[in-house]
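Visitor: Chains A and B, in that order, give the protein sequences.
The letter at position 227 of the first sequence is residue 227 when you use the working numbering, and the numbering goes up by one with no holes.
The letter at position 194 of the second sequence is residue 194 when you use the working numbering, and the numbering goes up by one with no holes.
No wet-lab data here; the hints were simulated from the structure.
These numbers come from a predicted model, not from an experiment.
Note that the Cβ used here is the ideal one computed from N, Cα and C, for glycine as well.
Among these hints, one or two may not hold up.
Think about it this way: if two alpha-carbon atoms lie no more than 25 Å apart in a straight line, the pair counts; the simulated BS3-like pairs of lysine-lysine are [claimed, not checked]:
no.	chain 1	residue 1	chain 2	residue 2
1	B	205	A	194
2	B	109	A	194
3	A	183	B	111
So the derived list for chain B, only partly shown, Cβ under 10 Å to chain A, looks like this [as the list claims (entries may be wrong)]:
no.	residue
4	74
5	81
6	100
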Amino acid sequence: MTIETKQNKTFRAFLVNPYIIICAFAVLEVIYCYFTDNLWVLRILLICNIYALFAVSWDLVGGFIGQISLGHALFFGGAAYVSALLNLHFGIPLILSMISGVLSAIIFALILGLPTLRLKGPYLSVVTMITPMVFIAIIYMYPVALGGDCGCTGFQSLANGDLKTQFFIILAVVLISVLLILKLTNSNFGLILKAIREDDFAAEAAGLNITKYKIINFIISGIFAGLSGVLFVHFQGAVAPTMLEMTNSILPIMMTMIGGIGTVVGPIIGSYVMTFCNEYLVKQPEFRIILYSVIAILILRFSPAGIMGWLKKGFKA
Amino acid sequence: MPILDIKNVSKHFHGISAVNHISLTLEEGEMLGLVGPNGSGKTTLFNLISGFLKITSGTIVFRNEDITKYKTYQRVIKGINRTFQVVRPFSSLTVYENIKVGCLSRIEKNKIIHQKIMSLIESVGLKGLENEESRNLPLGHLKKLEVAKALATNPKLLLLDEPFGGLSHAEIAEIIPLVKEINERGVSVIVVEHVMSALVKLVEKVVVLNFGQKIAHGPINEVMTEKTVIDAYLGDDYVENK
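Here chain B stands alone, though its shape is the one from the complex (with noise of 0.2 Å):
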């Protein structure tokens, strides 16, 4: 059973097509990569999916339900929560109090959140900075918080925004196994990411983008030595390289 079904979505900023008629499908537990040049609409129909801004027309339906007109808040609620391309923090706002915001979104016990926040905290490696102040965080520190921060509504599909982007191969490599233990979980994503050789380690399925169109679907290996892609994304020296 499909968890989200996004039928036909276009998105127009006077008259400028930022995403145009795209339909996707994602089954529950799936792990999808979305890739693209920039500017070709990854980010827009993320906010589209989450409800940062309202679709031009089509229809988005999440879990059997159609969550078209529903507002951004009301789509975390449901189950759909993202991370941002540039971070977010709360800034001053401690680690602890950074995700406990997240958990505020449900009525729970104290004691319970407690329980949540700092099994999160440990979880996603920044265990003894529970006390820290965002804005004193490392860029590494900031995208794990960026992740425990959407984890904490109890997400059952995650859309990461360029979770890699701006990290060293060794931030990368910490960050690959969480999100792969977060979709294990049973929680399904959707990865927009640039650092090919990461997402290739994530993912089976990719979609590209280009000029807000889907100009391929499919596994990751045969999309990426697709002429159309190569030509519109990758590029002949990603595949001289490879």
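Isolated chain A, as found in the complex (with noise of 0.2 Å):
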């Protein structure tokens, strides 16, 4: 009886290791790919697993170390314009334009969060909704450089445009990331993200430099939010402002909170929720609000730590 009770609690821990999830996600996506020709669904999970990159990058500021940045499409859309431009206008070769995207990145990161990331409060929010319409701004400004209000195409896609091998090279990428995420969050680093989100002020206590790991993390997250912007972009062909809107901000916070914050494989989670809704809803769009607001009011009265802590509860129990 005992044993069997062991034996049962180790199997259901198991269920909801973080690892395990991740890489059956990824397994069965790759049997479905191999097996499908459904081009529609292959394309709909290809989106998937770029949101849930861009959703995880976001639950490492705001669910780690509790700061709500409201600006994240800066990272996501301003990586994929710097990689789209210098391969469209200056001919630098796709793999390069696509690192340059991504280290932008860090270029934002550091002028969002040197200045907000030091303060306690909302800084952060606020900096962080402001800046990316600066940035639709000066697209606007500059149409023929930047594409203004139509945005860019015309530059290199992933894999010359094969969808089937687009969909292993980002599903490979997205694979690395979040697991390289998930190592993070699991090392020292993860727990000095944590104490600082607990505490702040006791972590300081703890001879903590709050600030720069702060920044730090926050960099971190820029890197993997530009990643996904960079295949996004590479993917579709096209640029436009809309991806720096702050309803692209406001997407990875939802599936974030649909699928548990804080959790890493939480957001994969939500993103896949949210993606498959919005795909489903295209020609609905709103009824698509109508229905994220209730997931969101229901997740929130029936499981604020969203479908990862319902689960862990479920597997608990």
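Using the hints, put the two chains back together into the complex; each one sits in its own frame.
Guide: Next up, the structure:
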């Protein structure tokens, strides 16, 4: 009896192990992709993966140090623009322009993080909310170079636009990135982040330079958000100011909230839920907003820790 | 050689003087009591020493180094740490993780950190609770955890802010030997405390503050009989009961 209970417990712990969940997702997707001819579902799965990385990157800031960034679209869209424009206007090879795009996210993170993360209070939220709007204004001001309202096309796509190859490349990059983030959050660095989230005053009393850790974490988050933007733009083959809009900043927050904040796996689940809802309801945008609101209210009411919290609770019982 | 030398330190909050020209020295390995009525500036002085507040004027010298402009974490690395009057555990973290956070201010190997944490858990009397989330602990255990968290940073000077506040007699009796043991290991200690019966068992010298000023300093048994101290802090009842 005791052995059985112990075995059950181990099995349940195994089922909610984040590494197992993430790898299971990846394996199922690879199998599906290998056998399917349904390119529509494949395309949605690909977008799910990109948004999963975007949401996980937001979770690093929102879930692990408790700082609410309302402008993660800046990393997503900003890195996408840098990569696309370098490739389009200067002919820089795809891989180099993508790396440049991701590196530009570090600069964005420093611009936003250095002045705001030293302070306590809502400064990061306010500054991150405003900055993408400034970038959109700049894009409108220079339509020839930056594409203006319509954005830009004509730059190189990943794998020359072959969807299946694109799918495998993006899945591999996202999988490695998410596993790296998971490793990071389970390391001593992750413990420091959690301590800062719990009580930054006490974390400082423990001898930690909390500003340094907040900025490093913000840069890491920016890098992965930028990476997701770069993958998206070279899959889509077009870049537009909508990538920098507020809705794109709210999206990872919603995904994280639905999936479970501060969990890494939660935002991935949330991204699947929301991306599939988005695609199925693409012709009814008003209904989509109502559905998101209802989901958010239900989650907050019945499982504030999101789907992941609900799963953990279920498997513990 | 004094480990801590506070010279003429003042702190004003928008014209209100919380600490007023206080000077104080603490010898290496000494344990000092800091008492006074509520609002007398004890915790403010702790905040000034630990760097949570910037001083308005004066200097703080720690081990012959002027640390007045140092930030909190820099002072911790130099060897000053503190506990809080209202305990501040990292609630969702386990006892083990709470202590580990303190160890991470220094670069040490994980194996050494693990040994250090387990030894601290044992020395403060929290053995068997290492995997318990700190939010589930009673106040007595949280006070011990607070001490363990501070010790994890290897302090040379430990500031204990009301370590006995809110505890039962039995719990106080457990913490007194713990504080003595820490002091015997060579850590200088300043204790802010209102539970005088416990304080007399711990310290030989005491400083009394009132309205941000030092009104008495000396051996505890002598200071506690001074009229100014009785009038400002202890009250006639204390003397009569004694």
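Visitor: Honestly, which of those hints from before does the structure not fit?
Guide: 1
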